[in-house]
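Please take these sequences and the hints and turn them into a complete structure.
In order, the protein sequences belong to chains V and L.
Counting in this note's numbering, the first sequence runs from 13 upward without gaps.
Counting in this note's numbering, the second sequence runs from 4 upward without gaps.
Please keep in mind that the hints were generated in silico from the structure rather than gathered at the bench.
Treat each hint with caution, since some may be false.
For the chain V half of the interface with chain L, some residues (derived, Cβ under 8 Å), not all of them [stated by the list, open to error]:
id, residue
1, Y90
2, T96
3, F98
4, K100
5, F104
6, H106
7, F115
8, G116
9, L119
10, K120
11, N167
Even for Gly, the Cβ is constructed at its ideal location relative to N, Cα and C.
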Amino acid sequence: MKNSDVCIIELKGLTKTFDDQQVLKGIDLKIYENEFLTLLGPSGCGKTTTLRIIAGFEEPDMGEVLFNGVEISAVPPYKREVNTVFQKYALFPHLDVFDNIAFGLNLKKMPQDVIEQKVKKMLSLVGLSGYENRDVISLSGGQQQRIAIARALVNEPKVLLLDEPLGALDARLRKEMQSELKKIQQEVGITFIYVTHDQEEALSMSDTVVVMKDGEIQQIGTPIDIYNEPENRFVASFIGESNIIEGNMLDDCLVKFDGFEFECVDKGFKPNEEVEVVLRPEDIDIIAKDFKKKTKIHGKVESVVFKGVHYEIMVATENRTYKIHTTDYFAPDLEVGLSFGPEDIHVMYTMGWTA
Amino acid sequence: MRFYKNFILPYLVWAGLLIVIPLIMILIYAFTADGNSVLTVSFTFDNFKNILSSAYISVFWTSLKIGIITVLICLVLGYLMAYLIAQFSEKVQTILILLVTIPMWINMLLRTYAWISILSDNGLLNSLLTFLGLEPMSLMYTDFAVILGLVCDFLPFMIIPIHTSLSKMDKSLIEASYDLGANKFQTFKRVIFKLSIPGVVNGIIMVFLLSISSFVIPKLLGGGNYMMVGNLIESQFISVGDWNFGSAISFVLAAIMLVAIKITEKFDKTDE
Ligand SMILES: Nc1ncnc2c1ncn2[C@@H]1O[C@H](COP(=O)(O)OP(=O)(O)OP(=O)(O)O)[C@@H](O)[C@H]1O
Ligand SMILES: [Mg+2]
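Here is the structure:
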C-alpha cells in the first residue's frame with residue numbers, strides 16, 4: 013500500500029552509543045513519500061533515538077541520513093524540512109493557541125493576514141476552530157495534542173515525526189485520535205513517521221511497520237505481512253498473540269512439530285532445518301466430536317476465560333499448552349483435538365534465543 | 004486532611020506575634036503623636052507631612068535610585084551567571100549553586116568590612132594601583148562603593164530564582180522551538196527568556212527590597228553622612244528616638260515596596 017516510490021528519507025547504517033550502551037546497531041531504512049510508517053518496539057529499543065536523529069536533535073555516531081538524496085547529518089534541526097509532534101506536546105505555555113500554531117510562521121516573517129488564514133485552516137483541520145485565543149494550559153490532553161499537530165503541520169513539512177503522540181491519552185480518546193490522525197495524514201498527503209510501542213496502534217494506522225528490538229530492525233512490512241508472516245520469534249510474539257513451536261522443515265511445504273507432520277505453504281528452507289512455527293490463537297479450531305479421527309494433536313481443556321468477543325481457551329497437550337481464541341465454549345477438562353490448515357502455519361527461521 | 008490543618012496553628016501564632024502585631028504597632032505609631040497629660044496619644048498626619056520636606060524626599064530618591072541601579076546590575080550579571088550555570092550537568096550545577104551561596108554563610112558585617120579594606124584610600128586596590136604606578140583613587144564613601152557592596156551582597160538572590168526557572172524548564176520546549184525553525188538566538192528570545200520571567204521577577208523583587216531597605220552597607224561604605232531610607236529609619240528609632248516619625252517612614256517604604264512588587268508582577272503577565 014505504498015503511495016509513492018519516491019524515497020524521501022533514507023537511513024544508512026545508523027549507529028549511536030550513549031555512555032557505553034549501544035542504542036542503535038546499524039539502522040537501514042527507506043521512507044517513502046506519503047507513507048505512514050511506524051517504528052514499533054518495546055521500551056528502550058531505540059525508536060525515539062532514531063526519530064531524534066531524523067529531526068536533528070541527535071547526531072549519529074556512524075551512518076548517514078539522506079533527505080531527498082542529500083546527506084543532512086550536520087544540518088541543525090531548525091533548517092530541516094521536518095517537524096515533530098512531541099510526546100508531551102511541548103506547547104509553549106506562555107503563548108495562546110493562535111501564537112503556538114503561528115510560532116513557525118512568525119519566524120518566517122509571513123504577512124499577518126496569511127498567518128491568520130493558515131492558522132484558521134489548521135484549527136479547522138484538527139477540529140478546534142474558534143480556539144485561537146484559548147490558553148493552552150486550559151485545554152484537555154486530546155485538545156493539546158491536536159494543537160501540537162496543527163503547530164507542526166502549519167509549517168508544511170515534507171515529513172511529520174510523531175513520538176508516541178497518543179501515549180498520554182485514555183484508551184477511548186486514543187482510538188478516536190488514531191483514526192483522526194490517519195485521516196489528517198491522508199488529507200495533507202505527507203509522510204508520517206510514527207513511534208509507538210503499542211502493536212495494535214501500529215497495525216491499525218500504518219502503511220509500513222518497522223519492528224525494532226535492541227537497536228536493530230527485526231522486520232519491515234505492511235501490517236498484514238508483519239502479522240501473518242512474522243520473520244522471527246520476536247516479531248511473532250511482539251505482534252499479537254501466538255503459539256510458537258520448535259519444529260523441523262522436512263521438505264518444501266512440509267513441517268514436523270509435536271511429533272506430527274503437517275502440510276504448510278512455506279518454502280526455501282534447507283532440508284531438515286530447525287525452524288519455529290507460529291500458530292495464531294484465532295487460527296486454531298477446537299474439535300470435540302470425533303476429534304481422534306479428524307485431528308493429530310489432542311489434549312484437554314485446561315482453562316476458559318471470556319474476553320468479550322471470544323473465549324481464550326488453554327488446551328494442554330502432550331508437548332505444550334496451546335492458546336486458542338474461539339467464540340464457542342468448551343468446558344474445562346473436556347478432551348479435544350486441535351485443527352488448523354496449511355495456510356494457518358507460519359514457518360520462521362530460528363533466532364537462537366528464547367523469548 | 005482536616006487533622007493536618009492543625010499543624011499550621013503554631014505558625015499562625017508565630018506570624019501573629021512577630022509579623023502582624025509589629026505591623027499594627029507601626030501603623031498606630033505612624034498615625035499618632037505624643038499627646039498632652041490628659042490624652043497620652045493623639046491621632047495625626049503630621050508624621051507623614053514631615054516626610055515631604057525636601058531633605059527626606061531626597062533620601063527616598065537616593066534609595067530608589069540606588070535600588071534600581073543595583074537591581075539592573077544584578078539582573079544583567081545574575082541572568083548571565085544563571086544561564087551559564089544551567090548549561091552544565093545537574094551534578095555540576097548543584098556545586099556551582101552552592102558556590103554562589105557561600106558568601107551568604109559569612110556574616111554581612113564581615114563581608115562589608117572586607118570591602119572597606121579593599122576600597123579604602125590605603126586599601127588593597129589603591130596599593131595595587133600605586134604598585135602599578137597609577138594614581139590612587141578615592142573610592143570609599145561614594146555611590147560606587149555602596150552599589151558595589153549591594154550588588155555583591157544581593158547577587159545570589161537574583162541568580163538563584165533565575166537559575167531555578169531555567170533549570171526547571173522543560174527541555175522539549177526548547178527543542179520544539181528549534182524544530183519549528185527558530186535558531187539559537189530566536190529560541191532564547193522567544194522561548195527561554197519568556198519562560199524564565201517568573202524567576203526574573205522574583206529576583207528583581209528580592210534584590211530591590213533588600214537594597215532599598217538596607218542600612219549596614221550604606222552606613223559602612225557610604226560613610227556617616229550617606230543616607231538611605233534604612234539609615235533614616237534606624238536613626239529615628241535608635242538615635243533620635245522619634246518612633247512616630249520612624250514608623251511613618253517605614254510605612255511609606257512598605258507602600259513603595261508593595262507598589263514596586265505590583266508593577267513588576269504586571270510586567271510578568273503582560274509580556275510580549
Ligand atoms: N540522552 C541520552 N543519554 C543516555 N542514554 C540515553 C539517552 N537517550 C536515550 N538513552 C538510552 O537509549 C536507549 C534507547 O532509548 P530510546 O529513547 O531511543 O528508546 P525508545 O525505543 O524510544 O523507548 P520508549 O518506548 O521507552 O520511549 C535507552 O536505554 C535510553 O536509556
Ligand atoms: Mg521513546
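Against the structure, the hints:
1. Y90: holds, 5 Å
2. T96: It holds, given that the least Cβ distance between T96 (chain V) and chain L is near 5 Å, below 8 Å.
3. F98: holds, 5 Å
4. K100: Because about 6 Å separates K100 (chain V) from the closest Cβ in chain L, which is inside the 8 Å limit, the hint holds.
5. F104: holds, 6 Å
6. H106: Since the shortest Cβ distance to chain L is 5 Å, the answer is holds.
7. F115: Holds, because the Cβ-Cβ distance from F115 (chain V) to chain L comes to roughly 5 Å (cut-off 8 Å).
8. G116: holds, 4 Å
9. L119: At about 5 Å, which falls below the 8 Å cut-off, the nearest Cβ of chain L leaves the hint on L119 (chain V) intact, so it holds.
10. K120: holds, 7 Å
11. N167: holds, 7 Å
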